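S.K.: Model the placement of chain B on the given structure of chain A, informed by the hints.
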Amino acid sequence: MWQIMNLPRLYHRLRLTARSLHSSANGQQVEKVAVAVDPDVPSQVSVFRTSENDPTCHTELHAGQYYTLPPAHMRTLFPHGLPPRFQMQMKTFNEACVMVRQPALELITCLRKADYSEPALRYVLYGEKGCGKTLSLCHVLHFCSTQGWLVLHIPDAHLWVKNCRELLPSSSRPGRFDQPIQALNWLKNFKTTNEHFLSKIKTTQRYVWTKRESTEEGRPLGELVDQGVSRVKSSSDVVGALLRELRLQAGGAAEGAFRLAVAVDGVNALWGKTTLKKEDKSEVLPEELTLIHNLRKMLRNDWCGGAILTTLSQTGSLFKPRSAYLPMELLGEEGFDNMDPFVPIPVSNYSDKEFESCYLYYLDRNWLQHPHSRTEDGKKELIFLSSRNPSILERLCAFL
Amino acid sequence: MAASTFCPALLPLLRINCKFNGVYTRISLNRRAAYSLGLTASNGVERQGLPERGNQGQRRQRRAVEPRTERMTVDQDWTAVYPTAASFKPNSVPLPVRMGYPVKRGVPPAKKGNLELIKIPNFLHLTPEAIKKHCEALKPFCTEWPAALDSDAKCEEHFPIQVESKAYVSAGPSLRNPNARIITLTVKLSSLNLDEHARKKLIRLSGERYNKDTDTLTITTDSCPMKQQNYDYAMYLLTVLYHESWKTEAWEKEKTRADMEEYVWEDSPSQKNILETLLRMRPLGEKEEEGEVREELLGRVEVQEYKDSVTKLKNEGETETNMQQYKEAVKKLLNI
Chain A
0 MWQIMNLPRL
10 YHRLRLTARS
20 LHSSANGQQV
30 EKVAVAVDPD
40 VPSQVSVFRT
50 SENDPTCHTE
60 LHAGQYYTLP
70 PAHMRTLFPH
80 GLPPRFQMQM
90 KTFNEACVMV
100 RQPALELITC
110 LRKADYSEPA
120 LRYVLYGEKG
130 CGKTLSLCHV
140 LHFCSTQGWL
150 VLHIPDAHLW
160 VKNCRELLPS
170 SSRPGRFDQP
180 IQALNWLKNF
190 KTTNEHFLSK
200 IKTTQRYVWT
210 KRESTEEGRP
220 LGELVDQGVS
230 RVKSSSDVVG
240 ALLRELRLQA
250 GGAAEGAFRL
260 AVAVDGVNAL
270 WGKTTLKKED
280 KSEVLPEELT
290 LIHNLRKMLR
300 NDWCGGAILT
310 TLSQTGSLFK
320 PRSAYLPMEL
330 LGEEGFDNMD
340 PFVPIPVSNY
350 SDKEFESCYL
360 YYLDRNWLQH
370 PHSRTEDGKK
380 ELIFLSSRNP
390 SILERLCAFL
Chain B
0 MAASTFCPAL
10 LPLLRINCKF
20 NGVYTRISLN
30 RRAAYSLGLT
40 ASNGVERQGL
50 PERGNQGQRR
60 QRRAVEPRTE
70 RMTVDQDWTA
80 VYPTAASFKP
90 NSVPLPVRMG
100 YPVKRGVPPA
110 KKGNLELIKI
120 PNFLHLTPEA
130 IKKHCEALKP
140 FCTEWPAALD
150 SDAKCEEHFP
160 IQVESKAYVS
170 AGPSLRNPNA
180 RIITLTVKLS
190 SLNLDEHARK
200 KLIRLSGERY
210 NKDTDTLTIT
220 TDSCPMKQQN
230 YDYAMYLLTV
240 LYHESWKTEA
250 WEKEKTRADM
260 EEYVWEDSPS
270 QKNILETLLR
280 MRPLGEKEEE
290 GEVREELLGR
300 VEVQEYKDSV
310 TKLKNEGETE
320 TNMQQYKEAV
330 KKLLNI
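The listed protein sequences correspond, in order, to chains A and B.
Once you know that position 171 of the first sequence is 170 in numbering that gives the first Met the number 0, the rest is easy, because the numbers rise by one and skip nothing.
Once you know that position 241 of the second sequence is 240 in numbering that gives the first Met the number 0, the rest is easy, because the numbers rise by one and skip nothing.
Not one of these hints is a red herring.
A few chain B positions that, by computed beta-carbon distances, are all more than 12 angstroms from chain A:
1) Ser86
2) Ala147
3) Glu195
4) Asp214
5) Trp250
Some chain B residues judged to face chain A by a derived CB distance under 10 angstroms, without partners named:
6) Ser267
7) Pro268
8) Lys271
9) Thr276
10) Arg279
11) Lys313
12) Gly316
13) Thr318
14) Met322
15) Lys326
16) Lys330
Hints in this document: simulated from the structure, not taken from any laboratory.
Small disclaimer: the values here were computed from a predicted structure and weren't measured.
Every residue, glycine too, gets a C-beta built ideally from N, C-alpha and C.
Bound conformation, chain A alone (with noise of 0.2 angstroms):
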């Protein structure tokens, strides 16, 4: 145990020195000097913080340590995809780190090894609730757009299942309903991470909206989308038309070829119930809703160039029991057999090195304020509560 007793002298000689190599830096440099400052600390008890903040240089040494996502790009990456929780703790701490750990790791080989002429591989990020799913996939987002991917995420496809005040009857096919609120925030969303792919991918056909407005072929995906924005009423049909687009355009072998990068947090909303009505009171299915069907058509793996990447969540789903994480569950005989063949990626709770980490994070951020958790049984009594679940974990925490 005087290992861990140790760790918060060692910790503070060793800011010391990362700050006074600061300068010059890289990320080997700080962990060399780590090891040569200690060097009889075994290799688990290590600094908590990364300054790797390039997730393409992402390996298996950084795993457990938190990196921090660059301020300027959060707001283009992120404007809608990080979980409520998360952002608050950005505001609080003013700066947003996030743990690099095994899951998502092993995703970004996947990627990194892929062969991008074969049909779109499909990915899904399953564990119990609050381990996280979401966090990994914003990671693993991060990475796509460092590599210059063109990324089409969707925070919370439950969103599009329920709580829609405005439910309209489809203007382009009989028997289905738009979504024009939820259509123009993604779009909104959409234009401000994807600005500069904007200008540069061209459309292939002729789309007509109504009997004045029409796209034609060739024009800049930005006007469309524009179209979107301003004329809320086709929002969904521009939406259905955006993708179409990017999956014909994915991976091409134009020189303006670009990677696409789906990533659907709470994939489980496409196969599952609505909670939305129609006007006689009967239930909306999810494929009568013109956003839940183009998104389906992107899911399958008819297209080549890109990833399909995914997140089971029970937190939003409808009908659910709260107990259920496994894929077979949440996405029901239905879901399975759409997504089937994919790849199951499980996200556990942290495991006793990434616990540490997170202590040591909220420590010295000055989050844990109660004198009690700063010693060893405070550390245990943690433990033990939140059973080293993050989101339990930082909940509690938050108290302390």
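M.R.: Chain B alone, transformed into the frame defined by chain A:
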């Protein structure tokens, strides 16, 4: 006031009773008391005689006798104490039994005068000794167990159908017991000659009566009034089930995937998906035909592994190990 009406008639009788039989003094005392309540004047004479007779009655009160349990030895014959079903007699049972809800800060009440112990059924008449005696008494009426059937497996093999019935003996106004007509017939399906289709159809037809864990079909009949009739009916049901399950009706062709008992990978959406994915990964050459390519793809080891993992997932439910297996299979198949 009933006493006042018949007292004059009984008066000579009572006096006679008093003289001859000491036992009746108490009764007569009561009657005299009733009598004395009713009439006042004519009682004067009798009342004077009362105190003497009261003393006699009080001296004749029963003394408390020690309970029989004190005189019981440890190795006595218990079957003689409780030869038949009888209610609990505290003075006959040498056990310090307590029963009942305790009062506050007390203990359950003791057995003496405990109505709870009397109310409940007891099995003091069915100790192992007593049962041995019953068996010995029944032995002359039994035949010997066949020596060849010395294990359960052999019994199963030679006598796959087992019929259970109960006989009831009780003393009452009638000897008959309607519960004696119930017959239970159990048979293991593995001992019947059934093919796959017949087995599935039989299980579906029998519904609740089939136990998957022990593979037994249990038919219980009680609709006829006599045991013989119920037995015939049970055998008839078994015969009908067997023969019907071998027949294939015309409408059985319309069985859909949703009706299937377990997941079959052939022609499933999973198979279609994987074939499409693999075909997209290596597009068809000019001379290759789609059917041949399909066969070839399906024959690959990775596809077989994938098929096993998906079937396992669907039939056995999801567990971490199944998921891991599925993950490995998909990774190998898609060259990750």
